[in-house]
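J.: Residues per chain, in single letters:
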Amino acid sequence: MATTIIETGGLTRSYGDICALKPLDLQVPEGEWLSVMGHSGSGKSTLMNLVGGLDRPSAGSLMVGGEDLLALSEDGLARFRREFVGIIFQQHHLVPYLTAVENVMLAQYFHSVPDEAEARSALERVGLGHRLKNRPGELSGGEQQRVCIARAIINSPKLLLGDEPTGNLDHKSTVMIMELLKELRAEERFTVVMVTHNQEVAAWGDRTIYLDDGVLVREERTNS
Amino acid sequence: MLFRILKNSFLKRPKAVLLIFLSITMGAAVATAFLGISGEISHKMALELRSYGANILLEPSAVEGGFLREEDLPKIKTVFWKYNITGFTPYLFSIAEFSAGGKKERGVVSGTWFAKQLEVPGEDSSIQGIKGIAPWWEVQGRWPEDAAEAIIGAALAKRLNVVAGGDVTTIVRGRSQQFRIVGVVTTGGYEEEQLFAPLVTVQSLLQLPGKVSRVLVSALTVPMDDFGKKDPATMSKDEYEKWYCTAYVTSVAKNVEEVMAGSRAKPIWQIASAEGALLKKLNSVMLLLTVLALGASATAVSTSLMASMAERSPEIALMKAVGADRFQISAIFVGETLLISMAGGVVGYLLGDQLAEVISRTVFSSTIVSPLWLFPTAIISALSVAIAGSVVPLRRALLIEPVRVLKG
Ligand SMILES: Nc1ncnc2c1ncn2[C@@H]1O[C@H](COP(=O)(O)OP(=O)(O)OP(=O)(O)O)[C@@H](O)[C@H]1O
Ligand SMILES: [Mg+2]
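These protein sequence lines are chains A and B, in that order. So the mapping is simple: the working numbering equals the position in the first sequence, first residue as 1, plus 98. So the mapping is simple: the working numbering equals the position in the second sequence, first residue as 1, plus 381.
Be aware that one or more of the hints could be misleading.
Stated by the list, open to error - Which chain B residues face chain A? A few, computed with CB under 7 Å, are given here:
#	residue
1	Met-382
2	Asn-389
3	Ser-390
4	Gly-522
5	Asp-706
6	Ser-711
7	Ala-712
8	Gly-716
9	Leu-720
To be verified - Some residues of chain B that are not near chain A, with every Cβ distance over 10 Å (derived):
#	residue
10	Ser-557
11	Ala-614
12	Glu-696
13	Val-703
14	Gln-709
Note that these hints are calculated values from the structure, not bench results. From the three backbone atoms N, C-alpha and C, an ideal C-beta is built for every residue, glycine too.
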């Protein structure tokens, strides 16, 4: 039995009257690829943000990689994010005035020291060796998302989070991204938590959980 | 990397950067110009003020009677503070009986210098006398040029019913001297009851050759402060030296007193303290204007930074999401503003220096040499403006919550 990388106990997040996440108990073993599904507003992003240290729970316990996220200060959470987590959003969030390689180097800079050669090879691994010096505006949606992947893995995170990373992509690009992620996971052995609306995308994972109105209603193992 | 981020962020948003740059440049330019000319203004104002009367009175130190010696007067041009002494004039006076056209009146006859060419070995030649230290005197007619010419105070002239061109006989203790009146003088003061004649003539009339009863000295002085008000007699040697070497009206007076045998010098406090207060106020006004100008430009910087922060919040949120802590975020934005403000400081200094030059030329028709401390002051002003202007926007930036901004 592998060690548990994410462990939540009664994890709750409410915004005033709205309870986005009802008390949730969840364990994710190290190395697992977990898909999170549910209709819009069911609390998927909320869960993702809590696990990634981008948001703080209203109640409950939250251990990620042996770190008690509730006990961390704001700067402690920032350190946790840069050292432990790689995040890919639906909108390919890149700094518009920096080139592809500089966007990857930015994550290195916050983490430790920027290393251009390493950033280049990360972009080569996601198949963008020929677009290093282009700015986000000059890249297609799929290409931008691949820059985000390169940036997410550059500091060798233990946990890769994706909030509908293929939500804006067509089928072909989606498959390409998923294959890329699968390949990278095989090499880097990180744990994946991925939010998606797409059954097909969810099927790339080992396990899928379904949220409904902030409650975990169902989970199933994927047979792959 | 920080440099790369800054460079690209500048290139991407030239307008926003330019706006901040201009705000800082303006602030630094105005501060430089104000501070650059403030020394000049104080100096010029002090000079102007000096024309409103002498501020040191020299009298014989003897309790009664006694005179000063005319031959000592040139020594005033050789004292330590000689360059601060803008003029002086001696007086020898007496009650006299005046008669003109059958009218007789009592009044005061004053022997003095009007505009005497004074040659002192080793010093520049200068013109000393009433014309120099009392430029507000209005003379209808002209100033005396000859030993037997005089000007008469307007009130006395009225009583004697004389005008320029008339003759007045002056009688003191039985001796008489006739003067040709060449001008009637209006001063607005007690001088209007007097007749002013050349010193030598009055000396012989009074049979007091080479004697002077008082000397009025006009000197540039610095405002009295607490130290200046201390009694020199109680000072230590070092303190006394410092006091002596500061152009307080008291130390200049002391300085002059030392060269005039048997004299006692008294500051004319009314004038000295009024001037000091005025100059002090002037300096505070200049300083206040400088601070206001810097405050205005800090506000402008803050406003433009606020606007660009709003525009850049996705970028800040993103940096936070990938793990930048507050220090790293601050470094980027403070670095940016500091770079801009350095440039703004240098350009502002150059502009301000020119501005000071132009102001000084047009207002005071003189050139100024900008002091060495002006450049660091300009840079420091620019940096302070930048820092003061960044505080609020930076706090805003640090409060940005990535989750809210990056919502997909
Ligand atoms: N900052 C917020 N303030 C108030 N309510 C919020 C906030 N963020 C999320 N919510 C609410 O919490 C609930 C869950 O939101 P969440 O973003 O987790 O949904 P989601 O499952 O990711 O939906 P989608 O599939 O549309 O992205 C929603 O009802 C949403 O309105
Ligand atoms: Mg969502």
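J.: Give a verdict on every hint.
T.: For each hint, the structure was consulted:
1. Met-382: With a minimum Cβ separation of about 4 Å from chain A (threshold 7 Å), the hint on B/Met-382 holds.
2. Asn-389: holds (5 Å)
3. Ser-390: holds (6 Å)
4. Gly-522: violated (81 Å)
5. Asp-706: Hint on B/Asp-706: holds, closest Cβ of chain A at ~4 Å, below 7 Å.
6. Ser-711: violated (11 Å)
7. Ala-712: violated (10 Å)
8. Gly-716: violated (13 Å)
9. Leu-720: Where the cut-off is 7 Å and the nearest Cβ of chain A is about 16 Å from B/Leu-720, the hint is violated.
10. Ser-557: Fine: 98 Å to the nearest Cβ keeps B/Ser-557 off the interface.
11. Ala-614: holds (64 Å)
12. Glu-696: Not fine: 5 Å to the nearest Cβ puts B/Glu-696 too close to chain A.
13. Val-703: violated (5 Å)
14. Gln-709: violated (6 Å)
In this structure, the earlier hints numbered 4, 6, 7, 8, 9, 12, 13 and 14 are contradicted, and the remaining ones agree with it.
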